[in-house]
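Enquirer: Quick note on our numbering: the sequence shown kicks off at 539 and runs consecutively.
Hints may contain errors.
[Said to hold, decoys possible] Each computed DMTMM-like pair below joins lysine to aspartate or glutamate, with the alpha-carbon atoms no more than 20 angstroms apart:
{"no.": "1", "residue 1": "Lys714", "residue 2": "Glu736"}
{"no.": "2", "residue 1": "Lys714", "residue 2": "Glu701"}
{"no.": "3", "residue 1": "Lys586", "residue 2": "Glu559"}
{"no.": "4", "residue 1": "Lys586", "residue 2": "Asp649"}
{"no.": "5", "residue 1": "Lys714", "residue 2": "Glu673"}
{"no.": "6", "residue 1": "Lys714", "residue 2": "Glu741"}
{"no.": "7", "residue 1": "Lys586", "residue 2": "Glu605"}
{"no.": "8", "residue 1": "Lys586", "residue 2": "Asp635"}
The hints are simulated quantities; they were obtained by calculation from the structure and are not laboratory data.
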Amino acid sequence: MPAFERLAARHGLAIVEDACEALGAVHADGVAVGGRGHPAVFGFYANKQLTTGEGGMVTLADPALGERIDSERNQGRAPDMGWLDHDRLGFNYRLSDIACALGIAQLARLDGMLADRARVAGLYREALAGAEGLELPCADAGGNRRGWFVFVVQLPRGVDRDETVRALAAEGVQSKPYLPAIHLMSFYRERFGHREGEFPVCEDVAARSLALPFFAQMSEGQVARVAERLHAALDPRAAAVD
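Take the sequences, apply the hints, and build the full model.
Expert: Here it is, written out as C-alpha coordinates:
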(Lines of atoms letter the chains of each structure in order from A and count residues from 1; the text may use other names and numbers.)
(Lines give C-alpha, C1' and ligand atoms only; values in the text may rest on other atoms or scores of the structure.)
Protein backbone atom coordinates (compact mmCIF):
# COMPACT_ATOMS: atom_id res chain seq x y z
CA MET A 1 0.00 0.00 0.00
CA PRO A 2 2.78 2.56 0.66
CA ALA A 3 3.82 2.19 -3.00
CA PHE A 4 0.24 2.74 -4.16
CA GLU A 5 -0.05 5.74 -1.85
CA ARG A 6 3.07 7.33 -3.36
CA LEU A 7 1.73 6.69 -6.86
CA ALA A 8 -1.67 8.15 -5.99
CA ALA A 9 -0.12 11.25 -4.40
CA ARG A 10 2.09 11.82 -7.43
CA HIS A 11 -0.82 11.67 -9.88
CA GLY A 12 -3.68 13.00 -7.76
CA LEU A 13 -5.51 9.65 -7.67
CA ALA A 14 -7.92 8.30 -5.10
CA ILE A 15 -7.47 4.87 -3.53
CA VAL A 16 -10.22 2.40 -2.71
CA GLU A 17 -8.96 -0.82 -1.11
CA ASP A 18 -10.54 -4.17 -1.91
CA ALA A 19 -10.01 -5.86 1.46
CA CYS A 20 -12.96 -8.22 1.12
CA GLU A 21 -10.86 -11.32 1.79
CA ALA A 22 -8.21 -9.71 4.00
CA LEU A 23 -9.85 -9.24 7.39
CA GLY A 24 -7.15 -9.51 10.06
CA ALA A 25 -4.26 -8.81 7.69
CA VAL A 26 -1.61 -6.30 8.81
CA HIS A 27 0.84 -4.24 6.75
CA ALA A 28 4.55 -4.27 7.50
CA ASP A 29 4.28 -0.84 9.16
CA GLY A 30 1.83 -2.24 11.70
CA VAL A 31 -1.33 -0.73 10.22
CA ALA A 32 -4.23 -3.12 9.78
CA VAL A 33 -5.52 -3.62 6.25
CA GLY A 34 -8.41 -1.21 5.86
CA GLY A 35 -7.03 1.13 8.53
CA ARG A 36 -4.94 3.50 6.43
CA GLY A 37 -7.76 6.02 5.98
CA HIS A 38 -8.64 5.20 2.39
CA PRO A 39 -12.10 3.79 1.75
CA ALA A 40 -11.70 0.02 2.18
CA VAL A 41 -14.36 -2.63 1.64
CA PHE A 42 -14.70 -5.90 3.55
CA GLY A 43 -16.98 -8.78 2.60
CA PHE A 44 -19.04 -10.80 5.09
CA TYR A 45 -20.30 -13.57 2.81
CA ALA A 46 -20.75 -16.98 4.39
CA ASN A 47 -17.20 -18.19 3.68
CA LYS A 48 -15.38 -15.09 4.93
CA GLN A 49 -13.39 -14.82 8.16
CA LEU A 50 -16.38 -13.10 9.79
CA THR A 51 -19.80 -13.61 8.29
CA THR A 52 -23.20 -11.97 8.37
CA GLY A 53 -24.46 -14.29 5.62
CA GLU A 54 -24.15 -11.55 3.01
CA GLY A 55 -23.16 -7.90 2.76
CA GLY A 56 -20.07 -6.14 4.00
CA MET A 57 -18.55 -3.03 5.51
CA VAL A 58 -16.73 0.12 4.41
CA THR A 59 -14.03 1.67 6.59
CA LEU A 60 -12.81 5.21 5.95
CA ALA A 61 -11.48 8.35 7.62
CA ASP A 62 -13.50 11.07 5.83
CA PRO A 63 -16.70 11.90 7.79
CA ALA A 64 -18.28 13.62 4.78
CA LEU A 65 -17.74 10.58 2.60
CA GLY A 66 -19.10 8.39 5.38
CA GLU A 67 -22.23 10.52 5.51
CA ARG A 68 -22.68 10.16 1.76
CA ILE A 69 -22.24 6.38 1.89
CA ASP A 70 -24.72 6.13 4.76
CA SER A 71 -27.24 8.02 2.65
CA GLU A 72 -26.68 6.21 -0.63
CA ARG A 73 -26.87 2.73 0.92
CA ASN A 74 -30.12 3.79 2.63
CA GLN A 75 -32.19 4.85 -0.41
CA GLY A 76 -30.67 8.34 -0.59
CA ARG A 77 -32.14 9.62 2.62
CA ALA A 78 -31.03 12.97 4.00
CA PRO A 79 -28.19 13.04 6.58
CA ASP A 80 -30.68 13.04 9.46
CA MET A 81 -32.18 9.90 7.89
CA GLY A 82 -35.58 11.56 7.71
CA TRP A 83 -37.98 9.00 6.26
CA LEU A 84 -39.67 11.41 3.85
CA ASP A 85 -36.63 13.44 2.75
CA HIS A 86 -34.38 11.95 0.09
CA ASP A 87 -31.81 14.44 -1.20
CA ARG A 88 -30.04 12.10 -3.67
CA LEU A 89 -30.59 8.95 -5.67
CA GLY A 90 -29.76 5.99 -3.48
CA PHE A 91 -29.89 2.22 -3.19
CA ASN A 92 -31.18 -0.41 -0.81
CA TYR A 93 -27.77 -1.74 0.27
CA ARG A 94 -28.44 -2.05 3.98
CA LEU A 95 -27.50 -5.00 6.12
CA SER A 96 -30.44 -6.21 8.15
CA ASP A 97 -30.39 -5.79 11.92
CA ILE A 98 -30.27 -9.56 12.33
CA ALA A 99 -27.27 -9.85 10.00
CA CYS A 100 -25.49 -7.08 11.90
CA ALA A 101 -26.17 -8.84 15.18
CA LEU A 102 -24.51 -11.98 13.80
CA GLY A 103 -21.45 -9.99 12.81
CA ILE A 104 -21.18 -8.04 16.06
CA ALA A 105 -21.40 -11.24 18.09
CA GLN A 106 -18.42 -12.63 16.18
CA LEU A 107 -16.29 -9.52 16.72
CA ALA A 108 -15.78 -10.49 20.36
CA ARG A 109 -14.04 -13.69 19.27
CA LEU A 110 -12.52 -12.50 15.99
CA ASP A 111 -8.91 -12.80 17.18
CA GLY A 112 -9.48 -16.44 18.06
CA MET A 113 -11.24 -17.14 14.76
CA LEU A 114 -8.34 -15.63 12.82
CA ALA A 115 -5.82 -17.57 14.92
CA ASP A 116 -7.67 -20.80 14.18
CA ARG A 117 -7.43 -20.14 10.45
CA ALA A 118 -3.72 -19.43 10.75
CA ARG A 119 -3.35 -22.70 12.68
CA VAL A 120 -5.04 -24.68 9.89
CA ALA A 121 -2.83 -22.98 7.29
CA GLY A 122 0.22 -23.99 9.32
CA LEU A 123 -0.97 -27.60 9.45
CA TYR A 124 -1.38 -27.61 5.68
CA ARG A 125 2.13 -26.22 5.20
CA GLU A 126 3.59 -29.04 7.26
CA ALA A 127 1.47 -31.75 5.65
CA LEU A 128 2.17 -30.65 2.07
CA ALA A 129 5.79 -29.59 2.43
CA GLY A 130 7.12 -32.74 0.75
CA ALA A 131 4.91 -32.69 -2.35
CA GLU A 132 7.26 -32.36 -5.31
CA GLY A 133 6.45 -29.42 -7.57
CA LEU A 134 3.49 -28.29 -5.48
CA GLU A 135 3.60 -24.55 -4.74
CA LEU A 136 2.15 -23.40 -1.43
CA PRO A 137 0.90 -19.90 -0.57
CA CYS A 138 3.82 -17.56 0.01
CA ALA A 139 4.82 -17.15 3.63
CA ASP A 140 4.33 -13.86 5.46
CA ALA A 141 7.48 -11.77 5.18
CA GLY A 142 8.84 -8.33 5.93
CA GLY A 143 6.37 -7.69 8.72
CA ASN A 144 3.32 -8.23 6.49
CA ARG A 145 0.73 -10.64 7.88
CA ARG A 146 -2.18 -12.05 5.89
CA GLY A 147 -5.68 -12.71 7.09
CA TRP A 148 -6.26 -16.33 6.02
CA PHE A 149 -9.34 -16.69 3.83
CA VAL A 150 -8.62 -19.69 1.59
CA PHE A 151 -5.73 -22.13 1.18
CA VAL A 152 -4.85 -22.27 -2.51
CA VAL A 153 -2.01 -24.35 -3.92
CA GLN A 154 -0.44 -24.34 -7.36
CA LEU A 155 -0.28 -27.81 -8.87
CA PRO A 156 2.93 -28.90 -10.60
CA ARG A 157 3.10 -28.02 -14.29
CA GLY A 158 1.83 -30.83 -16.43
CA VAL A 159 -0.70 -32.03 -13.86
CA ASP A 160 -4.33 -31.95 -15.00
CA ARG A 161 -6.06 -29.74 -12.44
CA ASP A 162 -9.58 -30.83 -13.38
CA GLU A 163 -8.61 -34.49 -13.15
CA THR A 164 -7.09 -33.79 -9.73
CA VAL A 165 -10.40 -32.26 -8.61
CA ARG A 166 -12.23 -35.39 -9.77
CA ALA A 167 -9.71 -37.70 -8.09
CA LEU A 168 -10.09 -35.88 -4.79
CA ALA A 169 -13.88 -35.90 -5.09
CA ALA A 170 -13.81 -39.66 -5.59
CA GLU A 171 -12.10 -39.89 -2.19
CA GLY A 172 -14.64 -37.62 -0.52
CA VAL A 173 -12.45 -34.50 -0.56
CA GLN A 174 -13.96 -31.35 -2.01
CA SER A 175 -11.71 -28.94 -3.90
CA LYS A 176 -12.24 -26.17 -6.40
CA PRO A 177 -10.41 -24.39 -9.23
CA TYR A 178 -9.48 -21.00 -7.79
CA LEU A 179 -9.61 -18.64 -9.57
CA PRO A 180 -10.03 -18.50 -13.36
CA ALA A 181 -8.28 -15.88 -15.49
CA ILE A 182 -10.76 -13.01 -15.62
CA HIS A 183 -10.08 -12.09 -19.25
CA LEU A 184 -11.13 -15.61 -20.30
CA MET A 185 -14.55 -15.43 -18.67
CA SER A 186 -17.45 -15.50 -21.12
CA PHE A 187 -18.36 -11.83 -20.74
CA TYR A 188 -14.86 -10.59 -21.54
CA ARG A 189 -14.43 -13.05 -24.39
CA GLU A 190 -17.71 -11.97 -25.98
CA ARG A 191 -17.51 -8.25 -25.26
CA PHE A 192 -13.80 -7.62 -25.84
CA GLY A 193 -12.62 -10.63 -27.82
CA HIS A 194 -10.04 -11.84 -25.29
CA ARG A 195 -8.45 -15.20 -26.03
CA GLU A 196 -5.89 -17.60 -24.59
CA GLY A 197 -2.29 -16.51 -24.85
CA GLU A 198 -2.74 -12.82 -24.10
CA PHE A 199 -1.61 -13.06 -20.47
CA PRO A 200 0.43 -16.26 -20.23
CA VAL A 201 1.56 -15.88 -16.62
CA CYS A 202 -1.99 -15.24 -15.38
CA GLU A 203 -3.31 -18.12 -17.46
CA ASP A 204 -0.64 -20.49 -16.14
CA VAL A 205 -1.39 -19.59 -12.53
CA ALA A 206 -5.16 -19.87 -13.06
CA ALA A 207 -4.84 -23.26 -14.74
CA ARG A 208 -2.85 -24.71 -11.82
CA SER A 209 -4.69 -23.13 -8.87
CA LEU A 210 -6.61 -25.41 -6.52
CA ALA A 211 -8.47 -24.40 -3.36
CA LEU A 212 -8.43 -27.06 -0.66
CA PRO A 213 -10.97 -27.50 2.17
CA PHE A 214 -10.29 -24.72 4.66
CA PHE A 215 -12.22 -23.56 7.71
CA ALA A 216 -11.36 -22.50 11.22
CA GLN A 217 -12.51 -25.70 12.93
CA MET A 218 -10.51 -28.13 10.76
CA SER A 219 -8.74 -30.73 12.85
CA GLU A 220 -5.21 -31.97 12.35
CA GLY A 221 -6.64 -35.30 11.23
CA GLN A 222 -8.85 -33.68 8.59
CA VAL A 223 -5.92 -31.70 7.20
CA ALA A 224 -3.81 -34.86 7.16
CA ARG A 225 -6.51 -36.72 5.23
CA VAL A 226 -6.77 -33.97 2.58
CA ALA A 227 -2.98 -33.86 2.26
CA GLU A 228 -2.77 -37.66 1.96
CA ARG A 229 -5.40 -37.74 -0.80
CA LEU A 230 -3.70 -34.86 -2.65
CA HIS A 231 -0.31 -36.62 -2.43
CA ALA A 232 -1.95 -39.74 -3.89
CA ALA A 233 -3.66 -37.80 -6.67
CA LEU A 234 -0.35 -36.22 -7.66
CA ASP A 235 1.63 -39.45 -7.45
CA PRO A 236 -0.20 -42.51 -8.87
CA ARG A 237 2.53 -44.74 -7.43
CA ALA A 238 1.58 -43.61 -3.91
CA ALA A 239 -2.07 -44.33 -4.65
CA ALA A 240 -1.18 -47.82 -5.93
CA VAL A 241 0.80 -48.60 -2.78
CA ASP A 242 -2.01 -47.26 -0.63
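Enquirer: Return the numbers of the hints above that this structure violates; sort them in rising order.
Expert: Hints 1 and 7 contradicted; others consistent.
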